[in-house]
Amino acid sequence: MIRPLLAALLFCAAGTALAHGNVQCPASPKAEWKPHTELQAKLIKEGWTVRRMEVTPTCYEVYGKDPQGKRIEAFFDPKTLERVEEK
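Going from the sequence shown to this note's numbering is simple: count from 1 and add 102.
There may be inaccurate statements among the hints.
As the list claims (entries may be wrong) - Below, in silico cross-link-like pairs of lysine-lysine (DSSO-like), each with a Cα-Cα straight-line distance of 27 Å or less:
id: 1; residue 1: Lys147; residue 2: Lys167
id: 2; residue 1: Lys132; residue 2: Lys172
id: 3; residue 1: Lys132; residue 2: Lys147
Stated by the list, open to error - Distance ranges between label pairs, derived from CB positions:
id: 4; residue 1: Pro131; residue 2: Thr151; range: 19 to 25 Å
id: 5; residue 1: Gln126; residue 2: Ile174; range: 15 to 21 Å
id: 6; residue 1: Glu187; residue 2: Pro159; range: 16 to 22 Å
id: 7; residue 1: Asn124; residue 2: Arg173; range: 17 to 23 Å
id: 8; residue 1: Glu187; residue 2: Arg154; range: 17 to 23 Å
id: 9; residue 1: Arg173; residue 2: Ser130; range: 27 to 33 Å
id: 10; residue 1: Asn124; residue 2: Thr182; range: 32 to 38 Å
id: 11; residue 1: Lys132; residue 2: Glu188; range: 32 to 38 Å
id: 12; residue 1: Glu134; residue 2: Glu187; range: 27 to 33 Å
id: 13; residue 1: Glu187; residue 2: Lys147; range: 32 to 38 Å
id: 14; residue 1: Pro131; residue 2: Lys167; range: 29 to 35 Å
id: 15; residue 1: Ala129; residue 2: Gly171; range: 29 to 35 Å
id: 16; residue 1: Glu188; residue 2: Met155; range: 27 to 33 Å
For the record, the hints were derived by calculation from the structure and aren't laboratory data. Where a beta carbon is used, it is the ideal one built from N, C-alpha and C, also for glycine.
Working from the sequences, and respecting the hints, build out all of it.
Set out below in structure tokens:
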């Protein structure tokens with residue numbers, strides 16, 4: 103009983119780690135980045151629920167729910183605050 107549970111947990115963890123695949127934000131100097139709080143305010147105004155935000159070397163990574171209530175991990179260009187899709 104323990105083995106199937108462990109296997110399921112490992113599978114879920116691996117799926118989460120690989121969830122964002124080939125997302126590449128355009129590189130821009132950090133001096134040109136808008137504050138992450140501005141992105142958070144924009145998303146909340148659009149109906150998102152922001153649970154957590156992280157800063158990667160080139161993107162803002164957002165965990166939360168989109169306006170439809172779907173759990174989501176999304177990446178945003180820190181210079182334009184536009185969503186960056188997987189390639």
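Tested hints:
1. Lys147 <-> Lys167: With a Cα-Cα distance of about 13 Å, the restraint between Lys147 and Lys167 holds, given a limit of 27 Å.
2. Lys132 <-> Lys172: violated, 31 Å
3. Lys132 <-> Lys147: holds, 25 Å
4. Pro131 <-> Thr151: 19 to 25 Å: violated, 31 Å
5. Gln126 <-> Ile174: 15 to 21 Å: holds, 18 Å
6. Glu187 <-> Pro159: 16 to 22 Å: holds, 18 Å
7. Asn124 <-> Arg173: 17 to 23 Å: holds, 21 Å
8. Glu187 <-> Arg154: 17 to 23 Å: The hinted range 17 to 23 Å holds for Glu187 and Arg154, with Cβ atoms some 20 Å apart.
9. Arg173 <-> Ser130: 27 to 33 Å: holds, 29 Å
10. Asn124 <-> Thr182: 32 to 38 Å: violated, 19 Å
11. Lys132 <-> Glu188: 32 to 38 Å: 24 Å Cβ-Cβ, so the 32 to 38 Å window is violated.
12. Glu134 <-> Glu187: 27 to 33 Å: violated, 21 Å
13. Glu187 <-> Lys147: 32 to 38 Å: violated, 21 Å
14. Pro131 <-> Lys167: 29 to 35 Å: holds, 32 Å
15. Ala129 <-> Gly171: 29 to 35 Å: holds, 33 Å
16. Glu188 <-> Met155: 27 to 33 Å: This hint is violated: roughly 19 Å between Cβ atoms.
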